[in-house]
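S.K.: These are the residues of each chain, in order.
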Amino acid sequence: MRASVKPAPLSPPPGSAPASLAGASARPLSAVDNDASPAGPTGLARKSRSRRIIAVGGGKGGIGKSMVSANLGVALAQAGHKVLLVDADLGGANLHTCLGVGPPESTLSDFLRRGKANLEEVMVATGVPGLSLIAGAQDSLDAANLKYAQKQKLLRTLLAQTADYLILDLGAGTSFNTLDFFLLADHGLLVVLPEPTSVENAYRFVKAAFFRKLQQVESQYGIQDLVEGALSTREGGLRTLHDVVAQVRRKAPSDAERLERELASFRVRLVVNQARTDADAKVGAAMVAAWKKFFGIDMDDLGALRYDDEAWRAVRKRRPVLIERPDSPVSLGLQRIAARLLSLDGLSSESAIP
Amino acid sequence: MKPFAQQTYYELLEVPPTASDEDIRAAHQRLMELYSPDSIAVYALGDPDQVDSLRERMTEAMEMLTDAELRVEYDRSIGLPTERLAKATSAAVAQDKTDSAARVAEALATAAAALAKAAGAVDAERVEAESRQKASTSGSEEAAPHASATPGKSEERMRGEESKRQEPSGKDASGAPSETVMVGGMAVVDAFRASFNQSLSFVYVPTGPLRGQGRGNAASASSAPRETAAPVEGHRPAVEAVTPPVANTPNAAVNAASEATAVPATSPAAASPAATSPAAIDTATVVASPDRAPETDSAMPAPAREEVPALIADATTSAPATTSTLATTSTPATASTLATASTPATAAPVREDTPAVVAATDADASTVTPPSEPSTGTPPEAVAASASPTPGEPTGDTASAAPVSGATAQGESDPNPSRAPTPAEAPPELPSTALARPPATGASKAAVRPLTSRPIDSRSAANGRPGSGSRSPAGPKLGDAQVLAQDSAIATAESALAQVAARVRDARPRGVEIPADAEFNGELLRRVREARSLSIQQLADRTRISVRHLENVEADRYTALPPPVYLRGILMNLARELGLDPLRVSKSYLALFADKPPKSGR
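So the protein lines, in turn, are chains X and P.
Taking the numbering used here, the leading residue of the first sequence gets 1, the next gets one more, and so forth.
Taking the numbering used here, the leading residue of the second sequence gets 1, the next gets one more, and so forth.
Check each hint, because a few of them may be wrong.
Stated by the list, open to error - Sample of chain P residues facing chain X (criterion: CB under 8 Å; computed from the structure):
| # | residue |
| --- | --- |
| 1 | LEU34 |
| 2 | ALA41 |
| 3 | VAL42 |
| 4 | TYR43 |
| 5 | ALA44 |
| 6 | LEU45 |
Stated by the list, open to error - Chain X is faced by these chain P residues, among others (derived, beta-carbon under 10 Å):
| # | residue |
| --- | --- |
| 7 | GLN6 |
| 8 | GLN7 |
| 9 | GLU11 |
| 10 | GLU33 |
| 11 | TYR35 |
Hints are computed from structural coordinates only; laboratory data are not their basis.
We put the CB at the ideal spot given by N, CA and C, even for glycine.
Please construct the entire structure, taking both the sequences and the accompanying hints into account.
M.R.: So, in structure tokens, the structure goes:
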């Protein structure tokens with residue numbers, strides 16, 4: 001059945017204008033997300049893919065996405081994994097700064113614009129064994145506005161990477177670029193501060209991500225109209241996600257189940273940053289519960305990072321806090337999160353905890 | 001993936017369907033915090049009104065699920081098996097225990113005076129009664145194996161078996177030596193049963209919440225060994241047995257109660273004429289038994305009359321309470337005597353544990369027999385005991401007042417024949433008898449259930465019993481346990497008595513004339529409530545129905561009311577609290593609810 005459905009989105013990618021973007025981008029993405037996809041052009045990519053992708057997003061700016069990305073990278077590298085950090089915050093890259101790497105010689109934009117054929121050429125060593133970095137675009141002011149072909153190239157290349165862990169540091173906002181990177185990941189890390197602004201943006205970000213996901217699969221289920229409608233209504237929010245599924249169910253119950261599975265297969269994992277109180281630390285669990293209650297989709301609470309001046313000092317020093325102050329509360333929290341991720345992936349979490 | 005509007009209450013509150021009331025309240029509390037307007041975690045999660053409606057629904061869920069009866073109904077509506085409910089209600093029972101105790105106290109007080117007189121009046125009949133009891137219990141002995149075989153039966157089954165067993169017992173009775181004795185024996189059993197029910201209803205009907213629990217408990221009887229369940233369990237079926245016939249009269253619910261209060265003076269009188277008619281003899285027997293009971297209790301060779309005061313002195317200080325003690329001890333004790341007499345062969349030690357109530361109910365039902373308890377062992381729990389007086393004591397009371405109901409039914413001189421349980425001769429066919437029996441079973445079952453060795457037991461064991469060699473050891477020890485249990489019960493009762501008696505009596509609906517064909521609309525319900533001088537808030541506190549719902553009910557705002565399934569539960573609860581017939585009220589109101597277009601929308 002799947003085999004018969006699959007070709008449909010593949011054949012018309014350059015077709016109708018509105019659906020082309022989503023439909024085409026859906027091709028590699030949905031193939032990646034559907035572990036069951038038996039064959040096709042993405043089968044090759046999958047075969048070489050032994051690593052996991054972690055995308056760190058959060059909607060709002062300044063909530064510590066880059067800090068979390070950099071330190072997670074350090075933690076995982078310290079745990080003996082080969083880690084590639086990618087600064088996908090194309091308009092506001094500063095992951096290199098977090099890691100203490102000076103303004104990089106080559107960046108992602110070199111890869112994207114100047115015909116550098118493979119990503120390895122733009123990789124930068126970080127000084128941490130096993131951890132390399134692809135810095136964000138610095139040079140061009142329109143670097144944030146990735147063209148479709150460029151994005152496809154980047155996504156493809158990223159999927160072909162052989163590092164054990166690929167960590168994507170996403171930018172703020174809910175642009176399609178960001179969402180597509182987020183949806184690409186095995187672990188969609190959602191960094192959130194225990195503040196209304198951040199929580200608000202986080203919810204918005206996740207909702208947007210799920211609708212993006214719906215868009216990617218809409219042609220499979222014949223729900224284009226629905227998704228269009230849902231997207232156009234104000235905060236149409238995921239309030240209609242149920243409706244979408246219900247609608248699909250009306251047409252074909254089996255499709256609805258598959259869609260539900262597909263939506264549920266993408267797991268958002270929460271990281272609460274800058275928790276100042278115990279109550280703050282519980283915000284993650286509360287958000288998970290509330291999200292589940294409202295939308296029936298599971299999130300995971302990976303744990304909270306304590307508000308810690310050491311983190312701030314480390315940034316000032318342009319060094320990962322995990323290296324600068326490994327015993328600080330925030331470092332311990334980061335280690336815990338890394339260990340959780342490793343155990344989620346079925347990899348040993350022992351080595352992650354020193 | 002269900003939007004929360006479609007989630008069940010359990011899903012809403014994120015608790016398993018087996019969650020206890022505390023769990024549910026805790027979950028509700030937690031969720032209220034999580035979804036509070038200033039909660040960071042849900043900021044901008046959905047529209048504000050979405051969160052509001054979620055909170056509203058959660059509160060509704062909590063209210064519904066923490067009300068035993070509504071929960072039973074709700075569970076049924078969502079197709080949960082009922083056995084789950086049993087556990088859930090246990091908490092609620094515990095909560096209302098004090099409440100019921102208070103009402104028991106009131107019952108004690110009213111019953112006391114009547115019994116005191118009655119006991120003296122009927123004293124003369126004691127010997128005769130004794131022989132009759134023996135006759136009747138010898139019959140019950142035969143039915144014993146049945147009972148012992150079915151310890152864990154569900155209520156319905158028990159009921160069925162009860163009615164089956166009724167026949168054999170009837171036969172046994174007819175096979176008894178002399179005709180008079182036989183009649184007497186049957187009558188004793190019957191009168192006892194009648195009075196049992198009567199008294200139960202008397203205690204019970206005014207209490208709103210109790211009944212709801214009763215249902216849950218009854219269901220749980222088979223599974224949960226809960227002490228608290230015991231009292232209520234006994235009550236429920238009894239009430240059921242009595243309610244239907246009673247429903248004919250306007251103030252049905254209160255009937256029994258008010259009667260009891262009003263009657264004391266007359267009841268002794270009723271008892272004394274008893275000697276003439278066979279029915280009256282039954283009454284006399286039951287009343288007479290108190291005297292005998294104390295004797296058995298302490299196992300003293302001393303005559304009953306002397307024994308009674310001793311017991312009284314021992315148990316209490318205040319006058320009303322004293323008499324109530326008498327009442328309390330007396331009836332159960334009677335039963336225990338019966339039990340003792342019936343099964344002398346049974347191993348004594350085990351039976352010692354059997355609380356009086358069990359014995360009472362046994363003897364009462366004349367079918368369930370002691371041997372069944374020993375196997376399980378029975379704890380004379382403080383709680384069970386505190387409840388046990390309830391059946392016991394009012395029994396005495398109603399026994400004296402019984403001419404009105406049970407016993408006299410036979411004599412046909414009864415003003416309210418409909419309310420009287422049927423005579424033993426014709427039991428199987430008559431539904432009322434069938435209904436009348438389960439209470440006994442329920443109570444005995446509940447009592448039988450939890451096997452524990454209690455201080456009471458040990459004391460009664462230590463309490464070596466002099467004389468009365470012919471009797472099985474069960475008698476005295478049993479009695480001791482009972483006295484102890486009664487002590488605690490009386491303590492509870494006494495404390496509650498003063499406050500409750502006055503209040504509850506006043507609280508009864510007076511001055512509201514409800515015609516037989518009245519439509520129970522919101523207006524009438526409001527009038528009844530006001531006649532009871534209850535505020536909506538008070539009513540809400542008592543019934544745990546939200547103020548909003550109550551207001552909507554009284555204002556006939558049909559659109560704002562929950563669906564019939566829930567509304568029915570609300571109405572039943574409300575009616576019960578108001579002392580109205582729940583079935584009638586809910587039926588009447590729901591008819592209006594269904595017929596009329598919404599009077600005023602939200």
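S.K.: Against this structure, judge whether each hint is valid.
M.R.: Now the hints, each set against the structure:
no., hint, in the structure
1, LEU34, "holds (5 Å)"
2, ALA41, "holds (3 Å)"
3, VAL42, "holds (5 Å)"
4, TYR43, "holds (4 Å)"
5, ALA44, "holds (4 Å)"
6, LEU45, "holds (5 Å)"
7, GLN6, "holds (9 Å)"
8, GLN7, "holds (8 Å)"
9, GLU11, "holds (9 Å)"
10, GLU33, "holds (9 Å)"
11, TYR35, "holds (7 Å)"
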